[in-house]
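Participant: Protein chains in written order, with my numbering: chain A, 1 to 345; chain B, 346 to 850; chain C, 851 to 1201.
It is worth saying that the hints were derived from the structure and are not from the lab. Don't take every hint at face value.
What the hints assert, rightly or not - Example chain B residues on the side facing chain A (calculated, C-beta under 8 Å, incomplete):
{"#": "1", "residue": "P422"}
{"#": "2", "residue": "Q426"}
{"#": "3", "residue": "N438"}
C-beta: ideal position from N, C-alpha, C; glycine also.
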Amino acid sequence: MAKLKATTDSNRKINGNTFLLIITIALFAVMYIAGMVIFADKGFAKPQMFLNLFISNAGLLVIAVGQTIVMITGGIDISVGSITALVCMVMANQMENHGMSAYAAIAVALVIGLAFGIVQGFLISYLEIQPFIVSLAGLFFGRGMTSMVSTEMISIKNETFLAWANAKIYLPFIGSYSKSGKFHPAYIYPTVIVALIIVAIIAIVMKYTKFGREVYAVGGNAQSALMMGLNVKKIKFKAYVLEGLLAGCGGFLFCLNSCAGFVEQAKGLEMDAISASVIGGTLLSGGVGTPFGTIFGVLIKGTITSLITTQGTLSSWWVRIVLSALLCFFIVLQAIFARMKKKNA
Amino acid sequence: MSNDVVLSMKDISKTFPGVKALQHVDFTLRKGEIHALMGENGAGKSTLIKVLTGVHSLDGGEIRIAGSDAPIINKSPQDAQSHGISTVYQEVNLCPNLSVAENLFIGREPRKLGFIDWHTMNKKSTELLKSLDIDARATDKLEECSLAKQQMIAIARAVDMKCQVLILDEPTSSLDDEEVEKLFVLMRRLRKEGVGIIFVTHFLEQVYAVCDRITVLRNGTLVGEYPVKELPRVELVAKMMGKNFDDLADIKGDHKALEKFEPVIEAEQVGRKGSIKPFDFVVNKGEVVGLTGLLGSGRSELVRAIYGADKPDTGKIKVNGKEVKINSPLDAMKQGMAYLPEDRKKDGILADLSVRENIIIALQAKRGMFHPMSRKEMEEAADKYIDMLQIKTASRETPIKSLSGGNQQKVIIGRWLLTNPDYLILDEPTRGIDIGTKTEIQKLVLDLADQGMAVTFISSEVEEMLRTCSRMGVLRDGKKVGEISGDQLTQEGVMKAIAGGDSNE
Amino acid sequence: MNKDSIKKITSMRLFLPIVCLIAVLLVNLITTPGFFKISINNGVLYGYIVDVVNRASELVILAVGMTLVTAASGGQDISVGAVMAVAAAVCCQILSGGEVSVTELAAPMALAIIAAILASALCGAFNGFLVAKMNIQPMVATLILYTAGRGIGQLITAGQITYVRVDSYKVFGGYIGKIPVPTPIFLAIIVVIIVNLILKKTALGLYIESVGINGTASRLVGLNSTLIKFLTYVICGVLAGIAGIIASSRIYSADVNNIGLNLEMDAILAVALGGNVLGGGKFSLMGSVIGAYTIQALTTTLYAMNVKADQLPVYKAIVVVIIVTLQSPVFQSFIAKQRAKKAAAAVEGGK
């Protein structure tokens, strides 16, 4: 009897997803180096410029990682911009108008994020309502609540808070020389360290804990996960709760940057988070994505902003346009890879 | 519960809105036994399994399992698993984005200090795969493995979880003969270890090859439980159908042999890279031509290339002697072709649409967007085929997803008959259909051929094709290697043709 | 009414959407006793209800397009608000001939309108290409124009708000001659009628449902799934263009930052409230239309209750969550189970 050889198994060492990540990292490198070359005279080549990427986007980094988690489950959360605005506004209001301590304000931020995560998570996981609709409602709710707290901007003057916001941490050996020959050491803020620690923790959780792997399983095929005995609803719920917590945390870090609360704050932040995730290799169909990749997505977004700001004459709308174009590029790339995968199966 | 019984289901009843799926059904599984669960479509097989594994809740009756005094209630697959009941379904229920090792160990990953121990997991997986002779690496992503391999991995997972009861729900549908044998070896090993295996299948051959007992259901009730040795095939089929049936009957008897050969479809060196090597294929008016070969040999790919479902890269196609360009299924349909796909769930049914809409859709598409069928036209068409094919449905407006698999298949057949094709391609038309209906469809095919329709019939059951086809194309490894007809049309003749070369190797 | 006819009515597709609309209208009536009062002042219709129907017009038009897109592709087009802005920008820029503010048309109205609709059709085609040809998830594909659309609009108007202070332009958002009914109402009704005709008098409605339910199967029965999906996005784009022109005409200018702001969300909600499954497949156009008017009525209710514009979204969010929860199959089966338990308990109690 003739033997049947099953369709060829892939011996590829690098699969499609890894390849996408390589493209992302390469893109970042190219963009950044181009910036260094073109804008060398405007200080782009200084190490501080690179560190500024992290400083400006510490909050976004944490939020984007949270977004990655829910996107792996196949969902999405477009309310994070509103959550951030609400967190900043409530914190500012409590500290300035109600004398709350900065430490208590941290708790407030986390509680707000958790609340969103729990409610949205419940609606999405247990009532099986579409994530887009639920988080859309969350977006409305958060933005509206922000203006209910106050329609005017509240600047944060709390000393502890400002101390945290302005505490420069100088890095040894890294820095640049000014024109007069003086060495200016490079610095970062505590927000960066906190953000990076959080990202590292989440990376470990996603790779090495039961919960993390369950999230990937549910994202890969929820029906199969259910059949294999996983509590799909609970896992999705937990994912959203974690993401809410990260959104609250990211909102807090964001606030350390802006030191204020106002109604229009962080508008469009959700799109930044989603773009960063997607550009970082998170598949929209779910099941694939890493915090590591998302870091590069955030760095790319930061680089675009820096490039446009440094250039000076282009309107800030261009950041959005370029980011959208990049998002388009990566989405199309993901689609092409998905097609190729289908053909090989 | 006696000592050698591992699972006892008594007086099980389950009702869905409008349908009594199970009524007072008993099922007993002993230790170290391979037990076939059989019945026509709508008999209640899958409902019984789903009730056992917690997918559906019981309306009546009780389930007992060895090692537990009280009756058990499974509210979820997790519950079932904790009671030692593992299931491997026909659709591979694994996660494609995860590695083979992860899929094997989801829910019970080896841990070190609370974190997942990848090294141990990969090592254990490699051992498990090796012990079951599965050619896959622990670190491969599941979606990179073939479907057959994925299924074996699914079984490996169930096996590794030390179950008392292993349910195999149509596991062999996508496996070739070699893989089926491997599966049987595995099953026999498990039987020796005392596992009770419930084997749900349509394949009579396989039942007689590996099973000890058979339970037959019909229309939601228990017909009986029999040791395999005491139940000849003919009787089994009779019990499943509720009537006397001679499964060796030659239905071709009245069918006229072809006198004239007028080619309807001529494919010359049609091929598609990676799918089917260039082939020649001719189908004449009033002829039923079969395509046979092992799983994956290219039978579906061949007809799909002709139909334009997967556009060919080379060759030309002639319809009634004239060369035509087929760029899409619609072109093929306009040339008088019709195609019943192999996978009705994925490629056939429009789940939420009604039976009526499912029946008329192909004809409507053929007519074009600007010539909608009137309500009356649609209703008449639907009624005609509901009647002709004996489709069991509450009404023509019932969503097709509410129908049983076999009836869904009939609707799809009706869909294509409505287009009045000159050339009808049937790819596994009787899959998932009970014996009685299978014969009806085979008879229908012969009738259509008598009326002048050209038909291509593809089936994994060679028996079926032998009863209807006057000629068979033989495929091997993605290539059409020849044709057989006349005297060669016997089981042996087909096997030899498929094997090729020296078939004693 | 006996039990059977009650059951028949409640299982009608449009039952829940109509109930929601009636509920919202009733609340409106309670908070604003003169809600249904219509009067004619200066030859023009006035009244709360007139306002609701008038202002809902753009939303109705968007909802129609969104319904088709949802049905065929199982996803939503979140760029419609931005596309409205783009259409408005193109239209006003042509009519003003590049100036910031004009009191006379610098180009024929027909030219500007056609150009605006072409632009919005192009946007729709862009979305359609990504979704239908490249198989990208709709929400993500349309995310691109959602983010970049207004930026593009800004480029078209060179960063300023272009004013067209010409009476003939104000017609679309205002009144035609002496007719007391606001024009947008007519336009919305016409759009709904035309689209409905197209869907029913051709097989397009059936095709869209078929493609939305199973694209592969549809292809094998001879449908061009790609083309049909693509078409729905182009239609959605065109409708967004029409809505954009109406919105722009109301304020006789192209305010790219604000035209259509958050309307995409309202449009999606209208589709959901209309009982349409957001995952695609079978759809009901009338359901979405009812949903659109419901949302507008809700907005009016909230304004009447002295809710500020910025805070409006909070209430909309809550209402939407309630309605979508009520529609969720999980919730409905939960309620059904509770009812069955109560019935069983009652039977036990009676024994």
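Participant: Quick check on P422(B) please, does its C-beta sit within 8 Å of some C-beta on chain A?
Facilitator: 5 Å, holds
Participant: Verify the interface restraint on Q426(B): the C-beta must sit less than 8 Å from at least one C-beta of chain A.
Facilitator: 5 Å, holds
Participant: Tell me if the interface restraint on N438(B) is satisfied: Cβ within less than 8 Å of some Cβ in chain A.
Facilitator: Cβ of N438(B) sits 4 Å from chain A, so the hint holds.
In summary, the structure agrees with every hint in the numbered list given earlier.
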